[in-house]
Amino acid sequence: MATAKKGNRLIGAPVERVEDLRFLRGKGNYVDDQSLPNQVYAAILRSSVPHGRIRGIDKSEALKMPGVHAVITAADIGGEVPVIPIRLQPLPEVFPLRQPVIAVDRVRYVGEPVAVVIADTPGLAEDALEFVEVDIEPLPVVASRKTSATDASLLFPEYKTNLAKKFTGLKGDAAAAFEGAHYIKKQRLSVQRHMALPMEPRGLLADWRKDIKRLTVYGAGKVLFFNRRAVAQMLGLEENSVELVENDIGGGFGARGEFYPEDFLIPFSSYSLGRPVKWNEDRRENLSAMNHAREMEAEYEIACDADGTIRGIRGHVDVDNGAYIRSNGLTPPRNVAQFTTGPYRIPNIHIDVSVRLTNKTPCGTYRAPGRFEGSFFIERMIEIAARDLGLDPVEMRRKNLVTVDEMPYPMATMQHIDPYTDTECDSGNFHITFDRCLKEFGWDEKVKLQGRNIDGRYHGVAAGCFIEGGAAGPRESARLKLESDGTISVFVGSSAVGQGLETVMGQIAADMLAVPFERVRVFHGSTSYVREGFGSYHSRSTVMGGSAILLASAPFKEKLCKAAARRLNVSEQEITLIDERAVAPNGASIEWKALASDDISAEESFTNTKHTYAYGAHCCHVAVDPGTGHVEVLDYVTVEDVGKIINPLTLHGQVIGAIVQGLGSTFMEHLIYNEDGQLLTGSLADYVVPLADDYPVIRGITLDDYPSPNNPLGAKGAGEGGIIAVGGVASNAVANALSSLQVEIEELPLTPPAVWASIEKQRLVEGTKN
Amino acid sequence: MKLPPFEYASPRTLQEATTLLSKHNGDARPIAGGQSLLPLMAFRLAAPSLLVDLANIPGLDRIEIRDDGVHVGALTRWCQIEADRRLTAAHPLLSEAVKHIAHYQIRNRGTIGGSLAHADPAAEMPALAITCGAEITIAGAKVSRVLAAKDFITGPLETALEPGEVITSIRFPKWRSHRRWAFQEFSKRRGDFALGGVALHFDEDAQGHASEVHIGVFGTGDTPGRLSAAEEFVRGKKVDAGLAQAAGNIARSAVRVASDMHAGAAYRQALIGTLIERALVEAASRAIEE
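Protein sequence lines, in the order shown, are assigned to chains A and B. Under the numbering used here, the first residue of the first sequence carries the number 1, and numbering increases by one thereafter. Under the numbering used here, the first residue of the second sequence carries the number 771, and numbering increases by one thereafter.
Isolated chain A (complex conformation):
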C-alpha cells in the first residue's frame, strides 16, 4: 500500500473555521434554539440562605397554579439522593463532601437547588417559584477562609473539619535550601474569586421516551461520555439507552459541560413526567450556580543567592473552595502545588495547599486552573526578589529559566496522590520564546519608560514566562467512515465548546487521507458516534483527538486498498491511493466512492500517559493614572511554542481570547460576597468583564519549533497559554510603574479603586514620615 504524498497541505494552513458561517448568520443551533413537541419548562428554586437546615418545604400553593405540573424536591427523588461524581482526582477521602443533586436537609450556599418547578412556560415556572414555601433554619455562616479554618461552624459536622483536603508539591530539600540562603523573602499574595463566564449560559432539554426506553439529553458538552455514565447510573438506566447530544456551545473555558445538579434534575423531571423538559439558565442563576474559580491566597517564601539563582520556594496556599467538592474542584489546588514554579529551575520546592470549605458556590476549573494563580504568585516573587537584590528582572528570569539541555524537566512530585501524577516538561527551548517575546515587544526601548511619569501617568513594563500543560490521557477515539457519496465521515469523542474543533479535526483527517478539506465531514458531540470519549479539557482535543484520527487513518487506508485490490485483481500491496482513487500498477483504477459498499471504516484510540508542555513568554506595558487608579494596557505581547500548529487562525483566536480573559481576571472580574455569605454580584452590570474596546492592543505570536515527542502529530495543547502569565506579568507592570511610590501589589484584581488605594496607602505612610 502507498499513499501518494502531496505534503501537508492543510495541517498548518490558515483554514477558515467551518463553524463561523453558521454562527455569523445566526444559524447556530444552541440548546435554547431546540424544542420538542409537548415540552414543558423547568425553573429551579435556589437557596437564598447561605447555610441552614431545611425544616420543611410547602409546595401546595405552587401546585394550585394553573399550568404548573410538578414541584420536585429531594423527597420526590425516591431513595438516596445522588451526588455529583468527582471526575478528576476522585479521592475517596473527600467523597463525603460531594454535592447532592438537590439539597436534602441542609443548604450550604446561596444558589443551591432546593426544588424544581415544572410548568407550561418558562415565565409561569418562574412565577410559581415564589409560591414554594421553604422553611430554613439559619446556621452560622462560613464566608471566608479565615472563618473556615476555625472550624467553629462546620459545613459537614460528620467530616469534623472544614479542611477538605491537603496537597503537597515536593522537590529536593526546601528546608536545607533555605538554611543560610543569601536572600529570603516572605510574601502574601492572593487571587480573587471569579469565574469562566461563557457568553451562553447553560441549558438542557431532556426527553425520556418510555415506549422505547430511551433518554436523550440535549445541551451536554465537554465530557459527554462521563456524564452519560453518571446520569444513567443515577436513573438506573443502561448506558446505551441514554444519549447525550452536544449542540453548538457559546464557550466552555472549563466550566461549561461539567456535571451539575441540573444535569440530573432535568433528565429526572422528564423521566418522572414522561414529557420533554427544557431548562435554560439565566445570567443571575449562572453567576451563583456555575462553578466559581481561583480564590486562593499564598504565603510563599523564596530563597536566592546574591546573583539571583533561585535556591528554593516554600510556603502554603489556602484555597476557598466553596461548599462542596465538585467534579473537578480538586484540580486547581492540586495544580497550584505542582505547577507554581512553571518554567523556572527551582530545585527545592515544598508547597502545601489547603482546600477549605466555605458557604459559597463550589469551585471548579477555569482555563489554566491553578496555573494562572501559581504564575501570579511566582512572577510576583521573582520580580520582588530581583528588585530587592538590585538585579534586572529579565536577567534574573534568564538565569533561572530551564534550558533545552535539561529537557525533559521534572516538575514537583505529588506522590501522596499517586505515582502517576509525576510529570515533566517534554521538550522545547524556553529561552528562544522569551528572547523573541522581548524583541517583538521592543523591550530595550520600552524599558526606558520604566516607572516614569509622563503627562500624569506612570509607565511600567514587565516580562514573564510560563508553561502550559495539555493532552491529558488516558485515551481519545476517532472513527473514519467512507460514505456512499465518497465523502469521509470523521467521528470523534472530543467535544466542541467553540474552539473550532470541526475545522481542526477536518484538516488533520483530510491531510492524512490526502483528500480535499470539503470531502471530510466531522461529527462530534454525541455519545452514539464512537464507543468512548473523554472530552475537551486540559487543552487536549487537538492533540488527543487529532492523534486518534491519525492512527485511524492507517487501518482505514488498508481497508480501502484491500477492497480495491479485490476489484482490480491485484494484490493489496500494489495499490496506490491518489486523488480519491485506488490505482493498480497497470493504470486501472477505481473511485473510493465505488468501494463504500465494502464498509470501509476504522476506529482507533490514541492512548497517552504523558502530558505535553507548550511554553512561552508574555510582555506587558501599562500606564497608570494615579488620580483614578485606572490602568491602560498599552501593549501586550505573547510568544508561545505549541509544538505543531494545526491551524494558525483558530490558534490565534485562542491566544487573543485567553489574554483578554486574563486581563479581565487581573483588572476587573470579581465575585463579591458579603460577610453574611450573600453574593453581591448578581448581574453583568456588577460582575465586570472586558468589553471589545477595553484592551485593543494585544499581539499573540505562535511558533512550532519544538514538536512534542509524546504524540504522532507533535502537537501540544495550546488553549491556555494566553491566560497563564497575565496576572503575574500585568501586575508586575503595574508594580513597576508605581515603583517610585513604593507601591506593593499583593492582591488581584487591580480595579481602579484597588490601585488607587495602594497608592494612597503609601502617600499616607510617606505623610506620617514627614
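The set of hints was computed from the structure by calculation and includes no laboratory data. No false leads were mixed into what you were given.
In silico contact screen, one side only, chain B against chain A (beta carbon under 7 Å); selected entries:
no.	residue
1	K772
2	F956
3	M1031
4	A1033
5	Y1037
6	T1044
Backbone N, C-alpha and C define an ideal beta-carbon position, used for all residues, glycine too.
Chain B: place on chain A using the hints.
Chain B only, in chain A's frame:
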C-alpha cells in the same frame, strides 16, 4: 429572569395616558425607552400591574432651541441629542454629556424623560439637569406643573412625580456665549454607571474671573447635586491649574459620598476631587469660538 405578568396599554394622547396612570393608583408605570424599567422588572424588583407606553403620543420627541433655552421633549432619545448639530453651539455641555451615557444600543432607545423619572444617582442626566438649573414640565390628569430639577429629584430612584403624572419636557436655560464648560466621568468600563462624574460651567468677566459657577457631581451618594463649597471657592477667581487643584481638594473634603461594592467612600471622594480639578483645567484651556 422573565418579566412578571403585566397589562399593557398604548394610548395616543397625553390625556389618555395620564388618565390610565391615575386610575391605577400608583400601580401603573409609564414606559418610554424601557432601558431602566425593564431590567428592574426582569429582576422582579418592580412589578407594575400596567405599563402605559408613551411611544405613540405625538409631539413629545422634539428638540427646540428658543430664546429661553433648549427645550427637549421627554421622549427624545439620546441618539437624537447626540446627532443634533445645533446643540454643539446651543448647549455644548448637553451634547457632550450624552456621549457618556451607556452604550450605543442603549442610546438608541433610552429617553431623556425616562432617565430623569428613573433618577439613578449615578446617571448623567439628573446631574446635568440640576447643574444647569433645568426645569421639568410635568403633565397630570388634571393639571400641569413645572419643577426645578433640584426639586424634582428627591432621593435615589425617587422623584416628585405623583401617581398619574408624566414628564413632558425639559428646558435647559439659555447657554451664554463664551461660556466655559467641561464634563468628566470615570467608570470601570466605558458606558458603565459612573464611579464618579462632574459637570460644570462658568462665565468669565472682563478680567477673566469666573462668575455664574455651576459645579455638579454624580455617582457619589443618594442624589446628584451641586457642590456649593467648590463653586464659592472658584467664584471671582481666575481658573488655572493651581486654582483647579485647590478646588479639587476642597471638593474632596466637601463632597458627601456612599460606599458600595464597586468603590469605597475614600476613593469616591478623591475621585470627585480629581475630576473637578481636571474639568476646571479642561474648561479653562478650551479655545472659545468668537
